[in-house]
Amino acid sequence: MHRTSKYKGFLLLIGLSVLLWACEQKAPPGSNQVTINPAISTPNDKQVPLGVDKSPMDMSYYPVDYPKLKMSKNVQEPLVARVIYSRPQKSGRSIFGDVLKYGHVWRLGANEATEIEFFKDVTIDNEKVGKGRYVLYCIPFEDKWTLILNSDLFTWGLKIDSTKDVHKFTIPINRTNYPFEVFTMEFEKVDKGAELIMEWDSVRAKLPFTF
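Residue numbering for the sequence shown is -22 to -1, 1 to 189, as defined by mature numbering (1 follows the signal peptide of the UniProt record, and there is no 0).
Think of the hints as simulated: they come from the structure by calculation, not from any bench.
Careful: at least some of the hints might be erroneous.
As the list claims (entries may be wrong) - So the derived label-pair ranges between C-beta atoms look like this:
(1) 140 with 68: 26 to 36 Å
(2) 68 with 35: 15 to 25 Å
(3) 32 with 72: 11 to 21 Å
(4) 82 with 162: 36 to 46 Å
Ideal placement from N, C-alpha and C gives every residue a C-beta, glycine not left out.
Make the full structure from the sequences, and use the hints.
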């Protein structure tokens, strides 16, 4: 009886090994393919993590990559500005004039209202903008954007109190010869200052400032 039980256990072990080998999908050497068993590992809606956002939050600095420069002790100029925003995707849609209606308010991103912080006084279109943190939102038109700085911080989406608008600027837009899939905001150095560059679909807009 004892020998029979050991024999059955051995057969069970062999069977499990063969089953695992059959389920394994071999990837060619050097590839980045993930080996899975489709019968048990194919994701469905219930398996997608609830906390994953399709429009992830991002942050840009001027000077560009300021935190990395600070860590490497390679800072050449002081911190001037930072923008915090979420990055929606084009996903095959026509964005401007369709998803975003001309003449209607847009949060310049997704989710929480976009915020820009100036760490020193700056000048935009001959107007002084004081050091501090602001909500930054937009009214897009076919040939220009109106950008608005607002003091109503920590708001969601377009729940913005327009009575707290503090600055308003109109800037031209340019059409690109290729679309940007993901909405992007980044700073770039220019003579006497910098520009906040905003790109999505086939549109690029620039907000210049001096300091």
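Is it true that the C-beta distance of residue 140 to residue 68 lies inside 26 to 36 Å, as the hint says? holds (28 Å)
Is 36 to 46 Å right for how far apart the beta carbons of residue 82 and residue 162 are? violated (21 Å)
Could one say that the CB atoms of residue 68 and residue 35 fall in the range 15 to 25 Å? Hint holds: Cβ distance 18 Å, inside 15 to 25 Å.
Hint says 11 to 21 Å; check whether the CB-CB distance for residue 32 and residue 72 agrees. Because 18 Å falls inside the window, the suggested range holds.
Going through the hint list in order, the structure does not satisfy hint 4, though it satisfies all others.
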